[in-house]
Amino acid sequence: EAQVTQNPRYLITVTGKKLTVTCSQNMNHEYMSWYRQDPGLGLRQIYYSMNVEVTDKGDVPEGYKVSRKEKRNFPLILESPSPNQTSLYFCASSLRPMTGSNHEQYFGPGTRLTVT
Amino acid sequence: GNSVTQMEGPVTLSEEAFLTINCTYTATGYPSLFWYVQYPGEGLQLLLKATKADDKGSNKGFEATYRKETTSFHLEKGSVQVSDSAVYFCALIHSGGGYQKVTFGTGTKLQVIP
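Which chain is which? The protein sequence lines are A and B, in order. Residue 88 in the numbering used here sits at position 88 of the first sequence, with consecutive numbering throughout. In the numbering used here, each number is its position in the second sequence, counted from 1, plus 1000.
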């Protein structure tokens, strides 16, 4: 089954404790992206990757890191989480960037992160 | 920068009523436009899309037309059902020169009552 998976689905952690949220897709998609969803703000793009070893900042990259060493995986790293990073996080992927007809993004189920 | 503005919700309609959710955008060039739907506790699903001016996207009775002259992409449905209750997001993708950035609106919650 074609899908985007994220782990963990729920995480409660404390300020400053490094964490990684994993994202994996099995559709051989080139483009992957991370978003955070906050009430009243919709989804905001954190980082995206056009292909392996190619990543770039979205609108809200501060406090986050990403890497894209393999095509299928795109982990989100919070080196020193803070309470303002409490949010619902979504990973998404699409077949091929720069092509209008292939812009459809497939979303993972979300990771709810709470930082105390 | 790019931006997407959606009408404030929540929108409450009776079953079989006509739905319009307004969406306007600001972007340079020719972005692709999308509507996504999010059901409670789930991720986002693509509802429809349009990749150039005057294109009409449609799916499951929903429609939206890419209007460059008014920079709008309003979502419409002629007769809503209780199962359409969800949050709807308008989004644009702007790409060029080796980048591709996605901008979402804030979302509009739709509640359909029997």
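Bear in mind the hints are in silico, worked out from the structure with no lab data behind them. Hints may contain errors.
Stated by the list, open to error - Derived DSS-like pairs: lysine-lysine, alpha-carbon spacing no greater than 30 angstroms straight-line: (1) 18(A) <-> 1101(B); (2) 71(A) <-> 1101(B); (3) 1060(B) <-> 1077(B); (4) 69(A) <-> 18(A); (5) 1101(B) <-> 1056(B); (6) 57(A) <-> 1060(B); (7) 1056(B) <-> 1077(B); (8) 17(A) <-> 57(A); (9) 1077(B) <-> 1052(B); (10) 1052(B) <-> 1068(B); (11) 18(A) <-> 65(A); (12) 57(A) <-> 1077(B); (13) 1101(B) <-> 1052(B); (14) 57(A) <-> 71(A); (15) 1101(B) <-> 65(A); (16) 1101(B) <-> 57(A); (17) 1109(B) <-> 1052(B); (18) 69(A) <-> 1101(B); (19) 65(A) <-> 17(A); (20) 1109(B) <-> 1077(B); (21) 1060(B) <-> 1109(B); (22) 57(A) <-> 1109(B); (23) 1109(B) <-> 1068(B).
Okay, the hints, checked on the actual structure:
1. 18(A) <-> 1101(B): Roughly 27 angstroms separates the two Cα atoms, so the pair holds.
2. 71(A) <-> 1101(B): Satisfied, since the Cα-Cα distance of roughly 19 angstroms is no more than 30 angstroms.
3. 1060(B) <-> 1077(B): holds, 9 angstroms
4. 69(A) <-> 18(A): The hint holds at about 20 angstroms.
5. 1101(B) <-> 1056(B): Status holds; Cα separation ~22 angstroms.
6. 57(A) <-> 1060(B): It is violated: about 34 angstroms lies between the C-alpha atoms, which goes past 30 angstroms.
7. 1056(B) <-> 1077(B): Holds, because 13 angstroms separates the two Cα atoms, which is no more than 30 angstroms.
8. 17(A) <-> 57(A): holds, 23 angstroms
9. 1077(B) <-> 1052(B): Holds. Residue 1077(B) to residue 1052(B) sits at ~21 angstroms (cutoff 30 angstroms).
10. 1052(B) <-> 1068(B): Within the cut-off at roughly 9 angstroms; holds.
11. 18(A) <-> 65(A): holds, 11 angstroms
12. 57(A) <-> 1077(B): Violated, at roughly 36 angstroms.
13. 1101(B) <-> 1052(B): holds, 17 angstroms
14. 57(A) <-> 71(A): Holds - the C-alpha atoms of residue 71(A) and residue 57(A) are around 18 angstroms apart, at most 30 angstroms.
15. 1101(B) <-> 65(A): holds, 17 angstroms
16. 1101(B) <-> 57(A): holds, 9 angstroms
17. 1109(B) <-> 1052(B): Between residue 1109(B) and residue 1052(B) the Cα gap is close to 27 angstroms, so the pair holds against 30 angstroms.
18. 69(A) <-> 1101(B): Holds, at roughly 21 angstroms.
19. 65(A) <-> 17(A): holds, 14 angstroms
20. 1109(B) <-> 1077(B): holds, 15 angstroms
21. 1060(B) <-> 1109(B): Holds: residue 1060(B) and residue 1109(B) sit about 18 angstroms apart, inside 30 angstroms.
22. 57(A) <-> 1109(B): holds, 29 angstroms
23. 1109(B) <-> 1068(B): holds, 25 angstroms
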